[in-house]
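With the first letter of the sequence shown counted as 1, position 177 gets the number 350 in the working numbering; the numbers rise by one all the way through.
The hints are simulated quantities; they were obtained by calculation from the structure and are not laboratory data. Treat each hint with caution, since some may be false.
Pairs of lysine to any residue, SDA-like flavour, derived with a Cα cap of 20 Å [claimed, not checked]:
| id | residue 1 | residue 2 |
| --- | --- | --- |
| 1 | LYS245 | ALA263 |
| 2 | LYS227 | ASP189 |
| 3 | LYS344 | GLU203 |
| 4 | LYS245 | ILE279 |
| 5 | LYS181 | HIS256 |
| 6 | LYS227 | HIS256 |
| 7 | LYS344 | GLN358 |
| 8 | LYS227 | THR294 |
| 9 | LYS344 | LEU264 |
| 10 | LYS227 | GLU203 |
| 11 | LYS245 | GLU268 |
| 12 | LYS227 | ALA255 |
| 13 | LYS227 | LEU238 |
Simulated DEER-style distance windows between Cβ atoms [unchecked claim]:
| id | residue 1 | residue 2 | range |
| --- | --- | --- | --- |
| 14 | ALA226 | ASP357 | 21 to 27 Å |
| 15 | ARG375 | ALA249 | 20 to 26 Å |
| 16 | LYS227 | ASP200 | 23 to 29 Å |
| 17 | LYS227 | GLY348 | 34 to 40 Å |
By construction, the Cβ of each residue, glycine as well, lies at the ideal position given by its N, Cα and C atoms.
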Amino acid sequence: MRTIVAHKLTQRFGSDFALDAVDLTLDPGEHLAVLGENGAGKTTLLRILATAAKPTSGSLEIFGLDALRERKELRARIGFVAHAPGLYPALSSTENLEFFCSLQGIERARVPETLALVGLTDVARRPAGRLSRGEQQRLAIGRAVLHDPQLLVLDEPDASLDSGGSDLLVKVMHGRSAVLATHDQALANRLCQRTLVLRSGRSLDGQTRLQVVR
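Whenever a hint applies, use it, and build me the whole structure from the sequences.
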């Protein structure tokens, strides 16, 4: 069973198309890079794949479930890093993750190991609002993998990460299916097997297999 099967995903805002009949597939354990300029539709596509938004039309199956009707069932299996970290600035790194645990019914015992995974053990008690932008992004990635999802949807997670950020992405994507939006072709080559290029909401030539993989 494929992880994702999307057919003619379309998102309209009035007469404008943010996405225009985009098709894509993703197999278990496969990594797909979504490339394109600002305004190409990358964020819109990823929000739909993460079940954070519904398309105007088209169909989307994730793990064989109808993602437009069974969003609640799917969210426990998907980790999403949005363009903004979406953290609670007054809460510490630990408290942010513990709060997410309470929302998702996750054992809090996972918090220390997740902080270690994303390299934030030394700032675990620091309020998120006092973290650097790169540290905030690491915390957002930690929150996305805290519940051990089968699918990661990552919207430009590399934008604020430090020089070790790509190594972190390798670690968190390993063993999972993943869709990654990025402007960095070299990062796409390292992390992903295929690319989907968007321009003005449309895919160019479908999905292309990369010649250089990790």
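Evaluation of the provided hints:
no.	hint	in the structure
1	LYS245 with ALA263	violated (28 Å)
2	LYS227 with ASP189	holds (16 Å)
3	LYS344 with GLU203	holds (14 Å)
4	LYS245 with ILE279	holds (16 Å)
5	LYS181 with HIS256	violated (24 Å)
6	LYS227 with HIS256	holds (17 Å)
7	LYS344 with GLN358	holds (19 Å)
8	LYS227 with THR294	violated (36 Å)
9	LYS344 with LEU264	violated (26 Å)
10	LYS227 with GLU203	violated (24 Å)
11	LYS245 with GLU268	violated (24 Å)
12	LYS227 with ALA255	holds (16 Å)
13	LYS227 with LEU238	holds (15 Å)
14	ALA226 with ASP357: 21 to 27 Å	holds (24 Å)
15	ARG375 with ALA249: 20 to 26 Å	violated (32 Å)
16	LYS227 with ASP200: 23 to 29 Å	holds (24 Å)
17	LYS227 with GLY348: 34 to 40 Å	violated (29 Å)
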